[in-house]
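Kindly produce the complete structure, drawing on both the sequences and the hints.
Protein chains in written order, with our numbering: chain A, 1 to 289; chain B, 1 to 252; chain C, 1 to 213.
Sample of chain C residues at the chain B side, in silico, Cβ under 7 Å:
| hint | residue |
| --- | --- |
| 1 | Val57 |
| 2 | Ser60 |
| 3 | Val61 |
| 4 | Pro62 |
| 5 | Phe69 |
| 6 | Gly76 |
| 7 | Pro182 |
| 8 | Leu186 |
| 9 | Tyr193 |
| 10 | Cys197 |
Now the in silico label distances, taken between C-beta atoms and shown as ranges:
| hint | chain 1 | residue 1 | chain 2 | residue 2 | range |
| --- | --- | --- | --- | --- | --- |
| 11 | C | Pro165 | A | Glu262 | 40 to 46 Å |
| 12 | A | Arg147 | B | Glu95 | 21 to 27 Å |
| 13 | C | Arg119 | B | Gln129 | 41 to 47 Å |
| 14 | B | Leu97 | A | Gly245 | 54 to 60 Å |
| 15 | B | Glu95 | A | Pro179 | 22 to 28 Å |
| 16 | C | Ala184 | B | Ala53 | 32 to 38 Å |
| 17 | A | Pro179 | B | Gln129 | 54 to 60 Å |
| 18 | C | Met211 | A | Lys175 | 55 to 61 Å |
| 19 | A | His84 | B | Leu97 | 50 to 56 Å |
The calculated lysine to any residue pairs, modelled on SDA-like cross-linking and capped at a C-alpha distance of 20 Å, are:
| hint | chain 1 | residue 1 | chain 2 | residue 2 |
| --- | --- | --- | --- | --- |
| 20 | A | Lys128 | B | Thr199 |
| 21 | A | Lys216 | C | Thr180 |
| 22 | A | Lys160 | B | Pro96 |
| 23 | A | Lys220 | C | Asn7 |
| 24 | A | Lys216 | C | Glu181 |
| 25 | A | Lys160 | B | Tyr101 |
| 26 | A | Lys272 | A | Gln85 |
| 27 | A | Lys199 | B | Val90 |
| 28 | A | Lys220 | C | Glu6 |
| 29 | A | Lys199 | C | Thr180 |
| 30 | A | Lys109 | C | Met77 |
| 31 | A | Lys91 | A | Ala46 |
| 32 | A | Lys160 | B | Ala88 |
| 33 | A | Lys199 | B | Thr94 |
| 34 | A | Lys220 | C | Trp5 |
| 35 | A | Lys199 | A | Gly159 |
| 36 | A | Lys216 | A | Val68 |
| 37 | A | Lys199 | B | Tyr101 |
| 38 | A | Lys109 | B | Ser197 |
For the record, the hints were derived by calculation from the structure and aren't laboratory data. A virtual CB, placed ideally from N, CA and C, is assigned to each residue, including glycine.
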Amino acid sequence: MNQAIPKISRTAMILAACLSLTLLGACSKNEPAKVSQAGQPDTTLASIQKKGVITVGVKADTPPYGFVPQGQSQPVGFDIDIAHQIASRMKVKLNMVIVTSANRIANLKTRKVDILVSSLVHTRERDKAIDYSVTYFADSQKILVPRGSPITSVADLSGKTVAVGQGSIQEQMIKVLNPQAKILSMAKWSDTLQALTAKQAVAIFSAAGVLGGLQKTANKAGMDLVMVGKDGLNPIPYAVGIRQGDADLRDEINRVLMDMVEDGTYAKIFTKWWGEIYSQPYQVEVWPK
Amino acid sequence: MEGLDWNVILGPEGRHMLASGLAITLQLSVYGIVFSTLAGLLIAMGRVSTAPALAPLRWFLAGVTEVCRNIPLLVHLAVWNFGVFGFAAVHAFTEPLTAFYSTQFLASICALVTYRCSYVAEVFRSGLQSIPKGQIEAAMATGLSYRATMRRVVLPQVFRIVIPPLGNQYVGVTKNTSVVLVIGVPDLVFQAYQIESVTFQVFLAFGAVMAIFSLVCLAESALLNVLASHLDRRWGGAAMAKGARPAATVTA
Amino acid sequence: MDAIWENLPYMLAGLKYTFGIAAIGIFFSFFLGTLLAVLRLSPIKWLHYPAVVYIEVVRSVPLILFIFFIYFLIAGMGYNISSFASASVAVVVFISTYIAEIVRAGILSIDSGQMEAARATGLSYARAMRLVVLPQAVRRMVPALVSEFTIVIKESSLAMVIGVPEFFNRVFTTNARVLTEPFALLGFAAFVYFVICFSLSWWSRRLEIRMDV
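Put into structure tokens, the structure is as follows:
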């Protein structure tokens, strides 16, 4: 078209300006800590005790830590029970917020939750960003194979293809434990079962908790899978996530966890969720009084 | 934005991961482009044939292209990877290749081809059909053999018409390779996801890969545009005055 | 085949999300795309070139990267955005560049005489666009928009990578649970997509024929 198009009107320019301002405005919001009467910001612990409510981030998609059973609407699980105990022992109400692996750290840092009990693994990298309580659970790594498979340990995986989840800790771990193993990273852990069925992998390497869930699914579908590997292989530590600077809250959580172990509540919760896989409850670190 | 740790993409480990991802992406693109061109050309030639005996073939090809084009790439990928390549017989057949390429890589190429070949076939078909019959008749009337007619008269015109839309399809193949991480092929997007899950540097990890893809695709379009103008100059004849731009261009 | 019947309601419910992403995507892309098209058609250099660069760059990046980027970026800032919303935003950002092309072609296809006549009656450029050119252009764009809608329906399957429970994600999850009937389930997914997309493109072709009258 050769017709000269006249300057676009002010309306369009105002629209464009508004659009760019909206996009620029979408920056991270960091709520400041609430300020008490005296002008000093409350510590998280103090504000929890004042409000009488603790907001805990939990998972709803990771059995058996936190998941929503068929036909129900609220999540249940190992972490949920621990969270209930923490709240009742701190004598506050529990407010659960469902988080995902993608947003849980951010939720903690931006004060949407006070603590995280969300299948949170204690890694040195993450320790730079947040703080952790004592380890309240450690899951050893095992291998899931079809019954009758010759594979019994990580060493047997040399030259074979083993399936793991993309971005998981096990993906890094297997590279170190057996550099000769061929790795197939699937988008979700449930996809590793599909890879196993399609004979694109001969084994799945993961924590016993994850493998337990996969094994149940496979057995229901008629596949006979067994967990092999010795106990205590490279246990990954799970701990409660706490913001950096909330040292008093961390001490309180540690105290609550150790109380739970001493009066036997922890063992009950542990056996309820992990009894099928582990015969002995995990030995949580308990400091002498 | 919190501290951007440029080291995750500029450090040796990050660079190595991105490089290996880019290598896989480029390999997938090249194989995808080559095989979908071949498949598309064959399908197009089948569809433009006029022999009445080949009518069932034409119907079959029309049906296949219509089906392939209306199914998302992910479904193609899943069917090839978990369906076809799930059979022991297929595994045995591709045994010699698995030393170089994993089963998922092969399945990805198959999926890219079946998804893209219907579009490529359309491009070739309209290109072939746009040459008026008069051209062939006139050329043969001047004494050229059928082969020479094809080589000297028909195909140069077809190529000129076909390169820009074909170029668009090729850039499409390159972008399509980004979905293969779903079946576990360690391409560029996979590496971005890896870097992000360890370091949580979303902006840098995915931003870097977006930039790399952008560069690759824009370079590809530019290259194909140059090829198109070059062919225009060689075979465009009187229609192409100096400095005139080709009728269509390749965009990302 | 049993796996299909048993899980049919669960899988088909995912189509809500598939169509949801497509509808929201096309709806908002239309506005953003029109804005981009107008900017691209503008003779003012500092409006025209950024629009061109934006369109070219966004189209050279695969949609799946946008989906990941927007999802993790927003989640990483602490917002509890649903994966459906992230996927929709990513689709809008990506598809608006294609819509921009459709709108541009639609506007350019309207005879320049229309714009000249409208200006001659005293309407400003914006009002002429809004009252005379765009209504006619939109009618011409409808077949291409329907065709773009079909494309988004297919691209919506990519949203599964961030966990949107749309149709293909549900079929895939069902397969991961059932494990023994991959061909049946995946074939079913292919069939459903084929029926939806084929019908839509047939409708688009019919609209195109009708528009030419």
